[in-house]
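Chains as they are written, first to last, in the numbering used here: chain A, 280 to 697; chain B, 280 to 697.
FYI, nobody ran anything at the bench for these hints, they're computed from the structure. Among these hints, one or two may not hold up.
A pair counts as met if it fits within one copy or between any two copies, since identical chains are not told apart.
Distance condition first, Cα-Cα at most 27 Å in a straight line; then the derived DSS-like pairs of lysine-lysine [said to hold, decoys possible]:
#1 K376 x K576
#2 K292 x K615
#3 K283 x K498
#4 K376 x K615
#5 K547 x K515
#6 K287 x K498
#7 K292 x K547
#8 K615 x K287
2 protein chains.
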Amino acid sequence: MDIKNSIKQIAQKAQMASRQLSRISTGIKNDVLLKMAEALLEKSDFLIKENVKDLTRARETGLSAAMMDRLTIKEATIGAMAQGLREVAALPDPVGKVTSMWRRPNGLMVGRMRIPLGVIGIIYESRPNVTVDASALCLKAGNAVILRGGSEAINSNLAIASILQQVLSESPLPAEAVQVIPFTDRAGVSALLQMDEYIDLIIPRGGEELIRTVVAQSKIPVIKHYKGVCHIFVDKDADLDMAMNITFNAKVQRPGVCNALETLLAHKDIADEFLPRAAEKLQKAGVTIRGCEQTRKILKNIEAATEDDWYAEYLDLILAVKIVDDIGAAIAHIEKYGSLHTESIITRDYANAQRFLNEVNSSTVAVNASTRFSDGFELGLGAEIGISTTKLHAFGPMGLEELTTTKFIIYGNGQVRA
Amino acid sequence: MDIKNSIKQIAQKAQMASRQLSRISTGIKNDVLLKMAEALLEKSDFLIKENVKDLTRARETGLSAAMMDRLTIKEATIGAMAQGLREVAALPDPVGKVTSMWRRPNGLMVGRMRIPLGVIGIIYESRPNVTVDASALCLKAGNAVILRGGSEAINSNLAIASILQQVLSESPLPAEAVQVIPFTDRAGVSALLQMDEYIDLIIPRGGEELIRTVVAQSKIPVIKHYKGVCHIFVDKDADLDMAMNITFNAKVQRPGVCNALETLLAHKDIADEFLPRAAEKLQKAGVTIRGCEQTRKILKNIEAATEDDWYAEYLDLILAVKIVDDIGAAIAHIEKYGSLHTESIITRDYANAQRFLNEVNSSTVAVNASTRFSDGFELGLGAEIGISTTKLHAFGPMGLEELTTTKFIIYGNGQVRA
């Protein structure tokens, strides 16, 4: 059978499974998630053996040490996968929740009820733990999932899928609720992205290139996250110790992630006092600073920032610094150069705090807090399936609710339309 | 200048306008909507004169009487447009609404605030009133709008736009908040659909062919509504007078709309009693009935339904009728042949009512009510910009809230991530 037909069969089976899944009770879903956790632990020898096949091939093809590290499954990795499944089991089920209900003048009771999206396709790179995490979240929200991981992890991903499917086949849930695409040909991804008749949503997880490739090809809606150019604006009235502490945390604590700080905007009235202190602490931690012309009059030992720096997502220990006249200039800079991800103002001024929260339309906007809180777990969603930086359906970190939609329900007693 | 560049300029201006618009207060927006209503009434002579140009050309090209009717602007049409603007002004503003807020263990207060989507493109057919209605809804929700109506209405649409823009230019709102594409070349639509950098959402309003063309070309998310194959299931325990009344209303009151009834499913135990009575009343109103084999044993004078009939959106006085064994068979039929639009069960059985509401995942699911209530106004949304039959972002009738998204807002007092 050719790849296109094979993908079509997978997609059709997923749709059939999703219809069954939408009617499964929370208790049964949780039970299956807990059994999956047990099964992964029980079959850890098998999993590690299959993972070694991937690692051996990866070593031969010269995968980077960082990629090898992400690909490796150890006992502890499996323990974390199992723990993740248990945590998803413990989350409230979004399906069936009536988010609001109201009475119409004609007596109709109208409400909105959460229902699963249907079938979700996840396209991701080397970490095999995504296979478990994404499956758990999709299942809990009543969706069937089709997983397409990196070719370098194919044996690991198929091994995980076989364990999960074994549990499903011994449960009231359909075994096709979780499917891994069993071949690594890129034509498989292209074929998958044409299956808009069967698949409701595509979530790509990986670098900007992967995401742009998926968006360019997909006939199915895609939740996109291109990049995070996050800003902190230190206002005239900021508590400078707090500003220091938050800037340091946002830049240094984990510089390689999308919610790390990339550009610091400093109000001109505090720049002389704040920037030398901040620079000293940041530079001690290995941060390279690139500044605007005015910044370089205060910090003598730094590089000049070019226009490109204001657009840059460094994902590294580099920080762009710009001095601005006021909050209006800070908001205008964010509007021009930002990526709609996460921005924070540090201020003691009530009006400016409220203005920043209201006027900045990024997916997460904070007052006096680190940008690093823009994360499904940290915001209290209980989980995270990804972050959206486009506005349709979901904007910002996505939890279980974002894997559902709502239908209208109507309780009538014979009403007809006049 | 070529079409593509001209469209790009329109899209860029819309994005600039949308950023200003997102910060405009409700009071100012409402004031502008009310002034637009006055301006349309004041300039009704001009509007009717421009409309006559379209009507003259349409007569020459032999437009159908129905299309001519939809194209015509009379004093009463303008009165209705003005009234529509006043009603939108009276609706609550969704922008700035904090839909929920919670405290995290570290003291962060996290909430979700409604914000505009940004720029919305509307692609529609001949009715010029859409130009006013869509502009009003988009503006109220803080969005800039780009309108591309049918070529047969170009003079009318440009006249409406010039009146609305005149009001905008005398207000704090940007004049580019409402733009009509000033040329009718189809290349303009294609170019518009590539502007994903500037436009956040496309809403096509018209027939299935228009919508499929837009979806095939668009790089921008599209809210789709292909068709409405709506079902009523008359259960064994139905009040047959109520079933009669609702079936008649759903089929006959306005057969040409998407929420009209297309297929009637009758429980086998009530078919003998119900179908002859229903058929008599429906046939008297001019309805042609096409039935399954079993139905034709009860109703002798009807045509046979083919497989195609179960998929059909007649939009006409035709009804497909099928006898089913039980509620499970009814739900399975809807799942196989339905369009995810609107379905209703008529029953006195509590468990079956709840089962139908829970298990049928169409965008509107009703108990003991006409399918004709699947409409933004009837459901209490206050307005309707369209109906979505796909699940991403919005599912079912869409009001003002569906023209917004949410951002996360965080009130902190110095929190950093550990």
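Results for each hint:
1. K376 x K576: neither (57 Å within a copy, 43 Å between copies)
2. K292 x K615: Between copies only: 14 Å across chains, 45 Å inside a chain, cut-off 27 Å.
3. K283 x K498: both (15 Å within a copy, 23 Å between copies)
4. K376 x K615: between (39 Å within a copy, 25 Å between copies)
5. K547 x K515: Classified as within; 8 Å inside a copy, 76 Å across copies.
6. K287 x K498: The answer is both: 14 Å in one copy and 23 Å across copies each meet 27 Å.
7. K292 x K547: Neither. Shortest intra-copy (61 Å) and inter-copy (31 Å) distances fail the 27 Å Cα cut-off.
8. K615 x K287: Intra 42 Å, inter 18 Å, cutoff 27 Å: inter-copy only.
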